[in-house]
Amino acid sequence: EPEVTQTPSHQVTQMGQEVILRCVPISNHLYFYWYRQILGQKVEFLVSFYNNEISEKSEIFDDQFSVERPDGSNFTLKIRSTKLEDSAMYFCASRKTGLATDTQYFGPGTRLTVL
Amino acid sequence: GIQVEQSPPDLILQEGANSTLRCNFSDSVNNLQWFHQNPWGQLINLFYIPSGTKQNGRLSATTVATERYSLLYISSSQTTDSGVYFCAVGTYKYIFGTGTRLKVLA
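From first to last, the protein sequence lines are chains A and B. The letter at position 64 of the first sequence is residue 64 when you use my numbering, and the numbering goes up by one with no holes. The letter at position 69 of the second sequence is residue 69 when you use my numbering, and the numbering goes up by one with no holes.
Calculated directly from the structure, the hints in this document are not laboratory data. It is possible that part of the hints are untrue.
As the list claims (entries may be wrong) - Chain A is faced by these chain B residues, among others (derived, beta-carbon under 7 Å):
{"no.": "1", "residue": "Thr-91"}
{"no.": "2", "residue": "Phe-96"}
{"no.": "3", "residue": "Arg-101"}
Unchecked claim - Covered by chain B, per the in silico footprint, the following chain A stretches (three or more residues, Cβ under 8 Å):
{"no.": "4", "segment": "47-60"}
{"no.": "5", "segment": "99-113"}
Quick reminder that beta carbons are idealized off the backbone N, C-alpha and C, glycines included.
Given the sequences, and given the hints that come with them, work out the whole structure.
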């Protein structure tokens, strides 16, 4: 069964550094998402992306964050200048169609630790 | 926005016991999924169940969309069932509940 993959599984960085989290969605999917989970809390929506544009973003997704689909397979989340509070688990998800009833498939997550 | 509440927040069981986890949501939705978050933090999809009933081994789920709730049943629990169970609902983006933390004791 096709899967969403994410790299790296764990990233440690210094405060103020830029990080790029990578995701490879399922190959024929068209809609992409990033979610975040701070340790011990619930998973929160960050951003959705379709046709090389952001479809929707949450209030968490401020100017420090950006998303990109640099080629036909990767979907990336960049944090320009990391803060301690960016430490969290980041999940990528993809969906095949724009139908409201279509399922989202989640990747295993990247644990980001900001020191 | 949609509110998603899960109960109970914490649950401790002896191995072999059965349990029911509940997810209430405040508005009509087109998608509902149940996830198990394992000790490594990975989200494991259990069920996609916007309505009706599904079963997979010892786990089953029922969603009554008209009454805006879903139930996850775990029968004959095992220590490997420990972790956090989340429901997520939505149409184009998911709103997650706060989760039920399950601990199964040997």
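TODO: Determine which of the earlier numbered hints do not hold for this structure and return their numbers in increasing order.
DONE: Structure breaks hint 3 only.
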